[in-house]
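Engineer: Here are the chains, one letter per residue:
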Amino acid sequence: MKPQINEHLNETIKEWWKGKRTPLEKAATRQGFGKGILQAAKKHKELFAITADLTGSTNLTAFKEAYPERFLNVGVAEQTLAGVAAGIASEGHTVVATSFATFNPGRNWDFVRTQIGINNQPVIIVGSHAGLATGPDGATHQALEDIALIRSLHNFTILNPLDETEAAKAIQEAVQQKKPTYLRLAREKLPTITNEKTPYKIGKGNWLVKGTQATIITTGITAYEALKAAKQLWEKEKTSVGVLHIGTIQPLDEKAIKEATKTNCVITVEDHNINGGLGSAVAEILAENAYRGTFKRLGTISYGQSGNYDELYKAYGLDANNQAKTIQKLLTKKTKLPTKTTRKKE
Amino acid sequence: MHKATHHFLTQKTQELRKEILKSIHEAGSGHPGGSLSIIDVLTVLYYNHLHHNPDNPQWSQRDRLILSAGHLCPALYTTLADQGYYPKADLMNLRKFGSKLQGHPENGKLPGIENTSGPLGQGYVYGVGKAIAAKRAGKDYRTFVITTDGEHDEGAVWEAAQLAAHHKLNNLCVIIDRNNVQIDGYTEEELSLGNLKNKYKTFGFKTIDIDGHNIHMINDALTYYDHHKLTQPFCIIAHTTLGKGVSYMQNNPIWHGKAPNEKELAAAIEELDKRQRQHQLKHHLKKKKVLK
Chain G
83 MKPQINEHLN ETIKEWWKGK RTPLEKAATR QGFGKGILQA AKKHKELFAI
133 TADLTGSTNL TAFKEAYPER FLNVGVAEQT LAGVAAGIAS EGHTVVATSF
183 ATFNPGRNWD FVRTQIGINN QPVIIVGSHA GLATGPDGAT HQALEDIALI
233 RSLHNFTILN PLDETEAAKA IQEAVQQKKP TYLRLAREKL PTITNEKTPY
283 KIGKGNWLVK GTQATIITTG ITAYEALKAA KQLWEKEKTS VGVLHIGTIQ
333 PLDEKAIKEA TKTNCVITVE DHNINGGLGS AVAEILAENA YRGTFKRLGT
383 ISYGQSGNYD ELYKAYGLDA NNQAKTIQKL LTKKTKLPTK TTRKKE
Chain R
113 MHKATHHFLT QKTQELRKEI LKSIHEAGSG HPGGSLSIID VLTVLYYNHL
163 HHNPDNPQWS QRDRLILSAG HLCPALYTTL ADQGYYPKAD LMNLRKFGSK
213 LQGHPENGKL PGIENTSGPL GQGYVYGVGK AIAAKRAGKD YRTFVITTDG
263 EHDEGAVWEA AQLAAHHKLN NLCVIIDRNN VQIDGYTEEE LSLGNLKNKY
313 KTFGFKTIDI DGHNIHMIND ALTYYDHHKL TQPFCIIAHT TLGKGVSYMQ
363 NNPIWHGKAP NEKELAAAIE ELDKRQRQHQ LKHHLKKKKV LK
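Chains as they are written, first to last, in my numbering: chain G, 83 to 428; chain R, 113 to 404.
One or more hints might be untrue.
When the alpha-carbon atoms are kept at most 16 Å apart in a straight line, the in silico EDC-like pairs for lysine to aspartate or glutamate are as follows [stated by the list, open to error]:
(1) K286/G <-> E341/G
(2) K247/R <-> E128/G
(3) K251/R <-> D392/G
(4) K271/G <-> D392/G
(5) K251/R <-> E128/G
Distance windows between CB atoms, simulated [to be verified]:
(6) N237/G <-> H163/R: 31 to 37 Å
(7) Y385/G <-> S172/R: 47 to 53 Å
(8) E138/R <-> K344/G: 55 to 61 Å
From the derived model, a few chain G residues whose C-beta atoms are all more than 10 Å from chain R [as the list claims (entries may be wrong)]:
(9) M83
(10) H90
(11) T196
(12) E319
(13) N346
(14) S384
I should point out that these hints are in silico values taken from the structure, not numbers from a laboratory. None of the values given here were measured: they were computed from a predicted structure. Each residue gets a CB set at the ideal place from its N, CA and C atoms; glycine is no exception.
Model the full structure from these sequences, guided by the hints.
Structural biologist: Right, here's the structure in full:
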């Protein structure tokens, strides 16, 4: 059966899906964050934004200009970033604290765990430039472990938006809910998939495409490659593949994951290592629910390196071609579990 | 605010030392050495200088007391009980399963505890955050950060100190328990802090050193802070002795984190009792003008 694109996505991506050669608008999730936080600041007078010397890169320039009394730059000091965020939050504020994901929550994880987690403070840790998509800066700056770090902190909400529009919504909802939160952002400009009207709710997965033979479960910016893979599989192989975007990794939308398993062929894809991120979270659900279909996690299995987005995604198997190939392999693979027809007659 | 006298405070600090040691003994673990070195500072602060209200622990205008060296919590817990934040009997529940008196303090678990601490450096940074929040909101409360020399091995402390000085946080007072001891031995043998006073001055703090067991000096330093309009954060380096008041503990690194057994507790109590009686007698004789 033909895969069905979600009618609530933006017009350009729907036209692209249907085969039109419309140029896709591109933007980075960090840009969406920069816009969304301004909206949040208007509504929430108690909102503070602080950064560790990365005002421009984490798109806080406009916030700083509009609300200087609610902005702070602590310098290149990420432990201070998290600790001061918690201290300010404890005095009746909601605080957004930004840096690159390798340093925030990488470098300051103990502060994040203790001062924000154990204290249950309304602090939103923003880890920008996450994933291989960071590009030329190379391995030291490509956070491939940040989701895993925060998944181990049970009271953190983990948000990984797929495009600029969703990132703007994500930060506004995060500020509204006033809980310890990790928001993951990327450097790279990629096609916008959703629009203002696309429903968004923390904790709810979003079916970008409904398909019948396999499901790609994706999180964050790998959504575009997932859509390409699903489109390719239908156009070339007449294989109907759905794409489920998990914008909130914690708490996980278990209902949506279980729905995805109905195809009996599931892959996960993330710009993160295969251990501890989305793939592991989905594997846990599948194992606890006696899933009997085929399953594969796509993600990194080594540190990153310098390169551009396309070369890196291809080299590390996150691109549409590898996603499509993986699904084809799984579909031809026989499961080892006996079915009625393979069981020997007694 | 009740102004406690020198005599009262001298007696009180001996009494609180006994409570600290009983509490740690009952728990079977804890940090007596540093608790005994900081207790004089905490007692003077809570009786004579800190703006606070045990009947209203969340009073919005209270001064924020941040214990950054969380392992010194037996001293803080005992001080708070003495001030009336909760019953003294609770001190016997230190470190027990389900107790509000956790091994390292947690924000919100106990009235009077402002922050979660244990991992060194974190409280200091958190305190600077609170001081910044006060400035931005135009609030008058002061933030006192109780830290130790050993804690200054952590880079985060220096990050926070730089930030405090940069933002001229004159509403921040850092008090350092300088007892020269850390877990593995003496600070100057392990990782020398050099001239700590000069470091703080260079970092941009108004800095003084005092004898951390001299009630007069502690009072004077805090009175200075109460009444002077500074343009920079304030640092008091309180020179202390680990395990002060118990001769077998004094300056002995093994007492950083070890609970006294029955015999050891008894010996400590006897020594502290004796000292209290001596102080009492001296005071009495001074009053009678027999002694000057």
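Engineer: For every hint, state whether the structure bears it out.
Structural biologist: Hint check:
A threshold of 16 Å between alpha carbons decides the hint, and for K286/G with E341/G the separation of about 13 Å falls inside it, so the pair holds. With a CA separation close to 14 Å, the supplied pair K247/R and E128/G stays within the 16 Å bound. At roughly 52 Å between alpha-carbon atoms, K251/R and D392/G are farther apart than 16 Å, so this suggested pair is violated. The hinted pair formed by K271/G and D392/G meets the criterion: a straight-line CA distance of about 12 Å does not exceed 16 Å.
Among the hinted pairs, K251/R with E128/G is consistent with the structure: their alpha-carbon atoms are about 15 Å apart, no more than 16 Å. The hint said 31 to 37 Å for the Cβ distance between N237/G and H163/R, and at roughly 33 Å that hint holds. At about 49 Å, the CB distance of Y385/G to S172/R agrees with the hint of 47 to 53 Å. Taken as a hint, the range 55 to 61 Å holds for the pair E138/R and K344/G, whose Cβ atoms sit roughly 59 Å apart.
No beta-carbon of chain R comes within 10 Å of the beta-carbon of M83/G; the shortest separation is about 54 Å. No beta-carbon of chain R comes within 10 Å of the beta-carbon of H90/G; the shortest separation is about 41 Å. In this structure T196/G is not separated from chain R by more than 10 Å, as the shortest Cβ-Cβ distance comes to only about 6 Å. With a least beta-carbon separation of about 54 Å from chain R, E319/G lies farther than 10 Å from that chain, consistent with its non-interface assignment.
Every CB of chain R is more than 10 Å from the CB of N346/G (nearest about 47 Å), matching its label as outside the interface. For S384/G, the non-interface assignment is confirmed: its Cβ lies about 30 Å from the closest Cβ of chain R, beyond the 10 Å cut-off.
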